Each structure stands twice: as C-alpha cells, then as structure tokens.
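Visitor: What follows is the residue order along each chain.
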Amino acid sequence: MTAPAATVRVRGVKKEYALGDRRVAALRGVDLEITEPGFYAIMGPSGSGKSTLLHLLAALDRPDAGEIEVGGERIDQLPERDLTLFRRRRIGIVFQQFNLISTLSALDNVTLPAMLDGVAAHERQAMGLKLLHALGLHHRSSHRPDALSGGEQQRVAIARALLFEPSVLLADEPTGNLDSHTSQQMWTLLKSLAAERRLTVLMVTHEPSAAVHCRRVFVIRDGRIETSFDVDGLDAAELATRTQLARR
Amino acid sequence: MPPSWRLARNWLAGKPWRLAMMIGAVTLACALVVAVSCAVASVRQSLDKGLTSFLGAADARIIHPFNGRFSVDLLETVRAWPEVALATGRLGSSLTLVHADQRRNAEGELLRSTPNALGVEFENEVEFRPMELVEGQSPREANDILLDPIAAEELKAKAGDALEVQRFGEPIALRVAGVLQRPRLPAVQRPFIELDRHVLEEAAGHTNELTSILIIVKDGVDVMRFCEAHKGDVPETLSLEPSDRIRAGFDRQADASRLGFIVASMLTFMSASFIIVTAMTTSVAQRQREMAVTRCVGASRGQLFASQILAGLIISIVGAILGIPLGIGLTGLLYWYYSDMLPGGLAIAPLGLELALLGAIAAGVIGALYPAWLASHVSPLQAMGVQARPPRRRSLFIALGLALALITLQLLLFQIPDPSQRFFWYAYVGLPSLQAGYFIVAVPVMFIAAILIAPLLEAIMRLPAGMLRQSVLATLFRHGFTAGALMVGIAILVSSWSNAQSLLNDWLGKIKFADAFAYRAMGITPQQQKIINELPFVEQTCPLAYLPVRVFDRQIFGIRGIAPPNVTLFGFDPDRFLAMNSLDWYAGSPESALPRLRDGSGVIVADRFLTTQQVQLGDKLKLGSSRVQKEYEIVGSVSSAGLDIVTQLFGIRSQYTEMSISAVFIAFSEVERTFDNHDALMMQVNLKPDVDDEQATKAVEKAVPGVSFRSGRAIMKEINEIAVGAMAVNTTVAFAALILASLGVGNIILANIHGRRYEYGVLRAVGGQRGLLVRLILGEAVLIALAGATVGTSLGLHLAAIGAANYRDLAGLPVRVVVPWLPTLSGWLALLALTVLASWPGIRAAIKPNPSALLAGGRHG
Chain F
1 MTAPAATVRV RGVKKEYALG DRRVAALRGV DLEITEPGFY AIMGPSGSGK STLLHLLAAL
61 DRPDAGEIEV GGERIDQLPE RDLTLFRRRR IGIVFQQFNL ISTLSALDNV TLPAMLDGVA
121 AHERQAMGLK LLHALGLHHR SSHRPDALSG GEQQRVAIAR ALLFEPSVLL ADEPTGNLDS
181 HTSQQMWTLL KSLAAERRLT VLMVTHEPSA AVHCRRVFVI RDGRIETSFD VDGLDAAELA
241 TRTQLARR
Chain V
1 MPPSWRLARN WLAGKPWRLA MMIGAVTLAC ALVVAVSCAV ASVRQSLDKG LTSFLGAADA
61 RIIHPFNGRF SVDLLETVRA WPEVALATGR LGSSLTLVHA DQRRNAEGEL LRSTPNALGV
121 EFENEVEFRP MELVEGQSPR EANDILLDPI AAEELKAKAG DALEVQRFGE PIALRVAGVL
181 QRPRLPAVQR PFIELDRHVL EEAAGHTNEL TSILIIVKDG VDVMRFCEAH KGDVPETLSL
241 EPSDRIRAGF DRQADASRLG FIVASMLTFM SASFIIVTAM TTSVAQRQRE MAVTRCVGAS
301 RGQLFASQIL AGLIISIVGA ILGIPLGIGL TGLLYWYYSD MLPGGLAIAP LGLELALLGA
361 IAAGVIGALY PAWLASHVSP LQAMGVQARP PRRRSLFIAL GLALALITLQ LLLFQIPDPS
421 QRFFWYAYVG LPSLQAGYFI VAVPVMFIAA ILIAPLLEAI MRLPAGMLRQ SVLATLFRHG
481 FTAGALMVGI AILVSSWSNA QSLLNDWLGK IKFADAFAYR AMGITPQQQK IINELPFVEQ
541 TCPLAYLPVR VFDRQIFGIR GIAPPNVTLF GFDPDRFLAM NSLDWYAGSP ESALPRLRDG
601 SGVIVADRFL TTQQVQLGDK LKLGSSRVQK EYEIVGSVSS AGLDIVTQLF GIRSQYTEMS
661 ISAVFIAFSE VERTFDNHDA LMMQVNLKPD VDDEQATKAV EKAVPGVSFR SGRAIMKEIN
721 EIAVGAMAVN TTVAFAALIL ASLGVGNIIL ANIHGRRYEY GVLRAVGGQR GLLVRLILGE
781 AVLIALAGAT VGTSLGLHLA AIGAANYRDL AGLPVRVVVP WLPTLSGWLA LLALTVLASW
841 PGIRAAIKPN PSALLAGGRH G
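Residue numbers (the numbering used here), protein chains in the order written: chain F, 1 to 248; chain V, 1 to 861.
For the record, the hints were derived by calculation from the structure and aren't laboratory data.
Source: prediction; values computed, not measured.
Every residue gets a Cβ at the ideal spot worked out from N, C-alpha and C, and that includes glycine.
Since no wrong hints were added, every one of them can be taken at face value.
Just a few of them, taken from the derived set where beta-carbon distance is under 7 Å, the chain V residues facing chain F:
1. 3
2. 6
3. 14
4. 290
5. 293
6. 296
7. 298
8. 299
9. 300
10. 380
11. 381
With the sequences and hints as input, model every part of the structure.
Guide: Take a look at the structure:
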C-alpha cells in the first residue's frame, strides 16, 4: 500500500475557545507537515494545544483559520456531512478513555463504523474478526467492554479505528489509562502497525517514554509548533530534555 | 437493517428498565384512554336508557298541533333527508274491541272496550322507546296487538286471546300478543292499545294517514339546526320540533361528555409523551459520551436523530399492543365496580380503540422529537468527557417565552367566533399546545421553586445551605420536565371536579320539582285537593288547573287564514309553584311577574310561545271561550327541564305537546274566578322528609280513590346517581393518571441519580453521610412534586375555564369555574406521597455503593 505524498499538512491553523466570558487562543498559527507513513508524536505541556490540534486533524472540530489536509484531503472547508464520512472512512481515532460502547460486544464495537455505513452483517463480521485476530483478540470477540482489561479495550478501539484501512490513525493519549507494562505493549503495537500497514500514526502524548518509540516528535507550546526533531536513538531522558518537559 | 434501526435497537437494549418504564407509560396511557372511552360510552348508554324510558329516544317529531292527521307520504320525504338516521310514523285513533268468541261477563254483558289505539311500525318502534311488557311477548304477526292493563281488565283478556274490531263491515281479527307495562291510572286514563299501523289504518278507515312522525338524527347532527333547516319542508299545518328529550338538554350533556372524552384522551397521551420526552432526554444526557463516540466514528446527525424517533416509535407500538387489551380489561373492572350506577351495561367504544393506537404512536414519536434533536446535536468533542453543564440563563428565558407563546396560541384560538370550529381547533391544536406550554413552563416554575422553596426545605431537612438549590439548578431542565410530567393527573382532577361541581350545582341542581305528583284526568276536585293537602305526611301542595281556551283578536301561530285555535291555560298558585319548581326565565323575572300573576292581570307563556308566535313581553292576549273573555298581559316567558320530565311520567304527552306550543300560565285563583274552573288536573306535592314514597302512594290512593300518585324523588335520585357515577369515573381516571405519572417519574428520578453518581461520589468522598444523600434526593423529589402540583393545578383551572366555555357554547349548559378545594388538596397530597415513594429506588441506588464505586461509575458514564 503506498501512502500519498503528504499524509498530513497543517498551514497557519488557528483556533479559539470561549471560556466563560473570555476567549482563549488554543492554537495561534500551527504549521506541520508529515510526508511519509510512520509513528509520530505531538508533545507539549498541559494547555499547549496538542489535543486541540488532534481534534482538528480528526475532523472533530473546525479551525478558525488556516488549512488542514489529511490523507490528501482538505478537511477545513468540508461540509458537515462530508466531515462525518471522512471520520467514518478515511481516518481512525483512538482515545485515552477507549470510548467503547458499553452495551456492544467487542466485535460490534469494532464494526460500528461499518454498521453506520450500511455494510451487510456477514461482511462486517468478517472484517471485524480479521482485525481482532490480527490484534490477538479473536477469543474475546463476544465479550463486552466491562469484561475486558484496559489493554484489551484499547486494542478493540484500535481495531475499530483500522476497520476501513485508513491512511492516518490519530491517538489521543492512548496509554493514559493503562499501566506501564501495557503501555509499552501499546506503543510497540502502534509502531508495528505503522510499519506493517504503512500508516501515519500521530499520537498526542506528554510521556517521553512513549515518544521514544516514534520516528519524529513535534513539540507544541502556547499554540504553536515550537520545534520538531527525529527521535533517532534518543532515550526518554534525552527526549525529555529536548522537549523541556517535566516527568509526570 | 438500516443503521438507524440498529442504533435504535442498541439504544433501547442498553437500559431495559428504563425501556420498560417508557413502554409502561404508553401502555397505561392506552389503557386509560380505552377505559375512559368505554366508561363514557357506558355512562352515555345508561343515561340514554334511563332517559329513553322516561322521554323516548326521538330527537325530533312532526305533529299536527291540533291532533289532526296528515299524509303518510311525508314519512318517505323525511326518511330521505340526509340527517335522518331513522323515522317512524304513528297513527292515533280509537277502536272498539270484543272477544272473537263474543265472551261475556258474569252479568251476561258483552265484554267490550273502546281503547285509544296507537298504530306503530313495531320493527322501528323499539328504537324509539323500550317496550316493556308485564305479560306475553312482542308482536310478531301483523294482527298482533298489545293491550294496556286497563284494556286487558275491561276485556278480561290475556296474552294469546283472539279479539275482533267492531266496525261497519267485516270485523278484523286481532290476537293479544302481550300486556304493556304502563302506569296504572284506572280512573284517569282511557284504555290503550298498540297495534300495527297498517292494521289500524284499515280498522279505523284512515288509510295512508299519520298523526305523528318520530325522528332520530344521525350522530353529530345538531337537532335544533336540523329542525330549523327543514321546518320549511313540512306543510304549514304541521310542526317540526325537537323532542322533549332534546329540550330537556340531556343530549347536550351527552355531547358535552363526548367533548370531555376527546379532551381527556389528548391529556392522557400528552402525559405519556411527556414521560417519554423526559425519560429519553435524560437518557440522551446520560449517554452523551456514547453518542459522541458514535459521532466520532462516523454516525451522521441524521442517523442519530432517526434512531431516537425510531426508538420512540418502537416504544409506542409495543405500548399500544399491550395497552389496548389492558384497557378493555380495566373497563370490565370499572363496570364490575360501578355496575349499579351503570344500568345501561358495558359499552366498548371503537373510537376509543382507534384513538388509543394513534395516540400511542403520536406520543412515542412526539415524545422522541426533542431527545432526537438533542442527540443529533451532540458534538463529537463531547466524547472527550463532559459533565452536566448548568443551563445558561438565556435557555430559561427561551423556555418561558416558548411556554407563554404556546399557552397564548390556545387563547387566540378561543377567539374563533363559530363554536364548532372553535372546539375543533381547541381539541386538535389548542389543547396540545396548551399542554406543551404548561409542560415547558414547569422549568421556570422549577426555577422559582428552587429559589424560593429550596431554602425552606434545606432548613427543615438539615441540608447545607444552598445544596438543594444548587443541585436542582444544575440540571434545571431535567427537573423541570420531570415536574411537568407529573402535572396531568392533577390537571384532570381539578378540571373535571371544577366542571362537575358546577354542573351539579348550576344545572342538575336546577332540575327541581316536587317530591310527588297526584293526577286525575277528570280533575281533582277542591274537596279532594283539601283531603290531599291535609294528609299528615304532606308538607306543601300546589294544584295545577288545565283548561283549553281560545285566543281572540290576535292571529297566533302565524298560520294564515286559520281561525285562532285553542291554547292551553295552566292555572297554578304562583308563589307555591315557584317555590316547588325551578324555572328558567326566558323573558321577564319572578319579581316583576309575580304581582301581576297574583292579581290576575298577567300571564306567563312557555318560551316557545314567545319565540315562535311573534309575541313579546308586554303584549296583550284576550283569552277565553265564546261566553267568557278577558284580556291579560304577557309578563314573563319560562321553560323548565324538570317539568319536561315530569309531564312525561303521567303519559300526558298530548298536553305537553300543546304546552310546548301554546301553554299559558295563569293564577289558579284567576281560573276559578274568571273561568269558573275549580278542579286541578294535577297537584304537586312536597312530602315531609321521613316519608316513605310507597306508603305515601298507598295512603293517597286510599284517601282519594281515582287519583294516581307518583314519586318525583325517585327520579331525581336516579339522575343524581348517574351524575355521581360519571364523577366517580372521572376521579378514577385522574388518580390513575397521577399513578401513571408517578411511576414514570420514579424511573426518571432513578435515571437522574444514575447520571449524577460522580457528583454523589465526590460528596461522599469529602465526608458526606448517606443520610445527607437521602435528604438531598428527597428534597429534590418534594420540589419536583410541588412544582408539578402547582403547574398541574394551574392547567386544571385553565382547562376548567375552557370546559365551562365549551359547555356553554356547544351544549347550552350553564357551567362556572369553581375551585374544588378538597379534591385539589387530595391531589397535592397524593402527588407528594407518590413522588416521594417513587424516589426510593433512586435513593437506594445512590446510598448502596461505596464512594469509590460512585466515582468510578460516574466518570465513565
């Protein structure tokens, strides 16, 4: 599978939010470009705008200014309906809190986007089981989320995100609710997925130990990309120093 | 299966108890509507049965004012009128009957009787009045006849006997089929028989002639308008007029009951839809994160909107499937409990069943609209974690504005001039908008309750200052809608009791007449009057004289070229008569009329005399015979529903027929003085309170042989029992609606608590005791109940005002708005108790888990 030339491009993106009576500028003109598949991280202190940026890339919100291109598609000016379809078919999103539907089984959670797309039941089932098998959860396909461990739930969420074979996978603090051992497994998984499927995986994190698995790190501070650098053999401590972030 | 259906199914499967509650709300609403419709139909059936036995079922009639005959061709003309459901012709005459075997009495005299004969169409006649027999069976053959007890006695005849009509020419053979049940007035009435009209035509020589046509109009036809529209279609010599039953107003009351049913159905289904909207809104709020996630992975707004609507539709259809059979069962239970008040039996109303199904679907779909809108507006960003946000103040003002607009819409619709149009718009647009308006106004009322009453409750329940208020204000709309869902039961209670109390006092209470009546067709002599008056159990009497007279020097009835015919002069003691009867004064007043009646210079006339004969108050009438004439002034015009009923009891229908057209009331003393008539046709008798009617009857008939005596108290008792029965049904419905709402609200409170577990967990984590949670939740329940009762009472009084106006406009019944204090207070207390009880499952759900479980469960939704 060959990824398009620029998988993610952000130009001069700005975003403000209302907070009570005042307006807060979350992004003040962000420029970012990713041209090759791989595992990437966006790091920054609390309130830096990293989650806001991810939300915009995931078409969960619209920028106030600037351009956003994901997977070769300009999304900043798409109408509501097309944004919804974009989220459904073109990208995958993984959340810190897993965000599985508690009343659905693992298989039904994985195939939810396909159900929304009107895909026939047998076809959905085949797609879902294939993904669960690939992620080592075939034997848990009929279990509900409350019967799964945190790591298993997050893998189900990843499987859901990969259902329509997107070119971009966005992850918002995917290991925030997991223990360190499981977190390590999760980072390894994401890295391998990026390599095997030629995915662009863009992960928001504040953990240097997560970012060391990435190819490149973008550091965001006060609503702007302050710097970016290749990880290339850095350890967590060095990475933390580069990013000037305090350990949690 | 389309995605929206799957989303709906998933959504419904997620909360089985809440689903059961919503289906339960629709089920109970359907059951209530079916039960109410069948109860109203049963009450109407009972009313009809009772009234038919008194007044007959005819809505209108065509008669010859002077008991003449007319062509039978008119009957076919009448049957062709589009408004007519059924018409039957009658022929009055008299025959002489003997036994076919020329039977004789002990003295050797031929047994013979010359009864009044009424020729009828038996197959139609049963629709107009019940044919109750003391012996034998209904006629089956053309030559079958029915004798009254007097004729049967004169002929010494019984069922099965063969009789003959004595006439010039070949005798006509007849067979006695049975003996009619008829008030036995041996010294008063002539014997009477009923037979086939065609046989009577032949026997009496009145081929193709009738003396009256009785008409039943189709449902929904206004009888007064029908008569007005067709009066030009009957010959000038005949009169088309509403029957006594219509003039007594009972059909108007039955129409008013139908109005009541439509209103009650609307209220009930709106109530169910309020429960659905509140429950589904709570669900949407609770499952916002889930919906946001679904939006994140690509669900469109339309899919979420449709899923809620489909969920509402599923709830309503299942509710209807369960509720309609339940309603029929409830009807059976109601009938079993109230059977002695419903002599007409149980009636199943098809309209009620149709309305239940359509209403259920409407309730589910309408109830789902707002939650569907909410769901479709869930932002995907809310998947990132959102707690309940306090509503903005602007939302409160929007809610208030919307509520006032909806209530005002109903007020505007009420300005439509035409009463029928006004009722149509009220029932189908105004009432739903009114209810929706009051439902929404419950939110500002809840706000006021939180500001004003919450501090008081905090003090009473030992809650930290501001905690209850903040708790309610944090989810104001949810609390407000919950209160709104409670309002309908109170509203039904208040409105139905208000209208009923007024009906009982202002209308039914006016149907007043004497305790009993003495009657003798030959007249009750002054000596007999004195004997009756002096009986120990008699409290007061009022003799009524009856005298046909002529009107001179005035052409009345508007009939050109015809000499002034007789009018009927009724002589009465003005003071005693007014004390014993309730009259509606069409023109004039008792104060101005009484002195003129006492001095013999004035007369009062029946209301129809005034309106149809082109005379007015102050006109002079010269009354009398060829020998005696005197001029009188018209000093008043009256009608009386009570007297209409009473005159039927004695079968003095012909006199009443005349009364409706040409009755003139004058002082008894004037009848004695000017017309030298001292006998009374009838005496109204008021009895002492502890007198048994049966004993009084025997005593009078023994003291004055030949006088017939009949109880008026028994009639009023029956009328009151029917009215009380109807009120009992209304109250049952109201309390059922209260219970329905409380059941729904209990689950909504539970859902509210479930949605705020995180907050409760924080409260417990920082040191709040379980008791604090209990008092907080109870405080919220009390505030919800008080707000719901306030809104419900306001809506109830508003509905009572509308009901009173509808009764006046459409049914002609004088109804005021009264505040039914005791029922309202009972409703408030019941609502408080039910709401507090209904909140217990929620309280248990809040206090049972430990704080960490509450925190963990609440954070992740």
